[in-house]
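**Q** Below, each chain spelled out in residue letters.
2 protein chains.
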Amino acid sequence: MKIRNNEEISAGDVKMEGASEVKMKMLIGLSDGSENIFMRHFIIAPGGNTPYHQHNYEHVIKVEKNRGIAVDENGNEHEVKKGQSLFVRPGEKHQFRNPFSEEFEFICIIPNPGQK
Amino acid sequence: MKIRNNEEISAGDVKMEGASEVKMKMLIGLSDGSENIFMRHFIIAPGGNTPYHQHNYEHVIKVEKNRGIAVDENGNEHEVKKGQSLFVRPGEKHQFRNPFSEEFEFICIIPNPGQK
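Sequences listed follow chains A and B, in order.
Start counting the first sequence at 1; every next residue gets the next number (my numbering).
Start counting the second sequence at 1; every next residue gets the next number (my numbering).
Heads up, some of the hints might be wrong.
To be verified - What follows is a list of derived Cβ distance ranges for each label pair:
{"hint": "1", "chain 1": "A", "residue 1": "31", "chain 2": "B", "residue 2": "55", "range": "21 to 29 Å"}
{"hint": "2", "chain 1": "A", "residue 1": "79", "chain 2": "B", "residue 2": "76", "range": "39 to 47 Å"}
{"hint": "3", "chain 1": "A", "residue 1": "9", "chain 2": "B", "residue 2": "92", "range": "15 to 23 Å"}
FYI, nobody ran anything at the bench for these hints, they're computed from the structure.
On a predicted model such as this, the values are computed, not experimentally measured, just so you know.
Beta carbons: idealized from backbone N, C-alpha and C, even for Gly.
Bound conformation, chain A alone (with noise of 0.2 Å):
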């Protein structure tokens, strides 16, 4: 058994093409022993988004703090917030957007992408 304290993980930037403002903490991940469920916290600063693109593996995400937009694969925006989970299915477009004043956080689950 792991346990681990969110605060004292670094928060990084998400590197990848399209994200902008955009920070990561893996929650529980490969270094803890989990070797086919990542938990990752991200953090979308007023103005930031995640790239809209799509990956053959699904996200279970639930929002933390605030709120942001989420974006479907049809290219409708969708309001989201605290109290809210969501779900993308594998191979769908989507992209999350925060075009708010405060922070807005979620977390989101992914199977081990190397194992797809």
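Chain B: place on chain A using the hints.
**A** The following block gives chain B in isolation, referenced to the frame of chain A:
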């Protein structure tokens, strides 16, 4: 993309043998189209506990509210609280208990056990 309001999801009693005063909400599961990863929200009432057991899949956990006790495979007790994340390995014996006066709440992510 599926978006759910966590408050609208009803919490059911966990009937598993050895569980006492435990409720569970499926935040994201099979009925949301998530075939590989299930995100559950557990609420253990004061005095309640999950079974001290093991299974062939892991737990990825994030404490959501208040505090509780996590018992590891050696029977050692660890007080855990909001702001902490846990990983329980496949096959590792574990239990969650709430000897405190407020509800102990956490999310617990698992792979679809039917695929193991």
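**Q** Are the hints correct? Go through all of them and say.
**A** Hints, verified against the model:
1. A:31 x B:55: 21 to 29 Å: Holds, at about 23 Å.
2. A:79 x B:76: 39 to 47 Å: holds, 44 Å
3. A:9 x B:92: 15 to 23 Å: Hint holds: Cβ distance 22 Å, inside 15 to 23 Å.
When each numbered hint is compared with the structure, no violation occurs for any of them.
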